[in-house]
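Number of protein chains: 2
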Amino acid sequence: MREKLTGPKREQALRALPGWREADDRDAITKRFVFRDFSEAFGWMTRVALVAERMDHHPEWLNVYKTVEVTLSTHDAGGVTELDAALAKIMDGIAAQIR
Amino acid sequence: MREKLTGPKREQALRALPGWREADDRDAITKRFVFRDFSEAFGWMTRVALVAERMDHHPEWLNVYKTVEVTLSTHDAGGVTELDAALAKIMDGIAAQIR
Numbered sequence: 053m054r055e056k057l058t059g060p061k062r063e064q065a066l067r068a069l070p071g072w073r074e075a076d077d078r079d080a081i082t083k084r085f086v087f088r089d090f091s092e093a094f095g096w097m098t099r100v101a102l103v104a105e106r107m108d109h110h111p112e113w114l115n116v117y118k119t120v121e122v123t124l125s126t127h128d129a130g131g132v133t134e135l136d137a138a139l140a141k142i143m144d145g146i147a148a149q150i151r
Numbered sequence: 053m054r055e056k057l058t059g060p061k062r063e064q065a066l067r068a069l070p071g072w073r074e075a076d077d078r079d080a081i082t083k084r085f086v087f088r089d090f091s092e093a094f095g096w097m098t099r100v101a102l103v104a105e106r107m108d109h110h111p112e113w114l115n116v117y118k119t120v121e122v123t124l125s126t127h128d129a130g131g132v133t134e135l136d137a138a139l140a141k142i143m144d145g146i147a148a149q150i151r
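Those sequence lines, one after another, are chains A and B. For the first sequence, the positions run 53 to 151 when this note's numbering is used. For the second sequence, the positions run 53 to 151 when this note's numbering is used.
Don't read these hints as lab results, they were simulated from the structure. Hints may be right or wrong, so weigh each one.
Treat identical chains as interchangeable: a pair holds within one or across any two.
[Claimed, not checked] Here are the computed lysine-lysine pairs in the DSBU-like style, where the Cα-Cα straight-line distance is at most 35 angstroms:
#1 Lys141 to Lys61
#2 Lys141 to Lys56
#3 Lys61 to Lys83
#4 Lys118 to Lys61
#5 Lys141 to Lys118
#6 Lys118 to Lys56
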């Protein structure tokens with residue numbers, strides 16, 4: 053899970069994650085989530101935080117009212133791993149339950 | 053509360069908020085909070101989120117593991133108001149309870 057994703061494996065992982073893209077300035081993936089309001093955005097963050105803590109793998113995220121800009125990368129690996137892909141999928145899943 | 057803070061009033065407000073400083077790129081105040089770990093950081097955010105929602109005044113915040121970079125500004129006023137100073141003080145108060 054903590055091996056860096058590169059080449060076709062990485063492309064395949066990203067294709068399976070709609071809305072996620074490569075970060076501009078570093079080896080990471082990023083997505084902007086938009087909710088109805090702050091309460092919905094922070095509720096989503098709270099559910100994700102519990103999963104992230106259990107995984108011992110945490111997002112970087114910027115919350116501005118109803119939006120959350122997420123960046124995922126695995127510090128130990130110096131880039132994107134399957135752990136990031138797994139957390140990205142969980143984030144999408146929880147967001148899908150809300151809408 | 054929603055009147056823009058300028059001049060001596062603003063200086064006075066900032067002096068009463070240790071660790072807070074003017075943002076570099078816009079009319080806002082900012083502070084970096086550092087906690088013991090993610091759980092403590094997100095626990096603090098959750099308590100602040102409840103207050104922010106009650107105030108109907110929300111922070112911009114970037115959480116990276118145990119750190120939270122907060123930026124406060126009042127959108128309607130296009131700058132820093134007493135509402136921001138009040139939320140900053142509450143954030144400091146909740147952080148002080150944790151340590």
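Status of the hints after comparison with the structure:
Only within a single protomer do Lys141 and Lys61 lie at most 35 angstroms apart by alpha-carbon distance; the minimum there is 16 angstroms, versus 48 angstroms between protomers. In this assembly of identical chains, the alpha carbons of Lys141 and Lys56 lie at most 35 angstroms apart only when taken from the same copy (17 angstroms versus 42 angstroms across copies). Proximity of Lys61 to Lys83 under the C-alpha cut-off of 35 angstroms is restricted to the intra-copy arrangement: shortest distance 19 angstroms within a copy versus 40 angstroms between copies. In this assembly of identical chains, the alpha carbons of Lys118 and Lys61 lie at most 35 angstroms apart whether taken from the same copy (33 angstroms) or from different copies (31 angstroms).
In this assembly of identical chains, the alpha carbons of Lys141 and Lys118 lie at most 35 angstroms apart whether taken from the same copy (20 angstroms) or from different copies (23 angstroms). For the identical chains of this complex, Lys118 and Lys56 are neighbours both inside a copy (32 angstroms) and across copies (24 angstroms), given an alpha-carbon limit of 35 angstroms.
Checked against the numbered hints above, the structure violates none of them.
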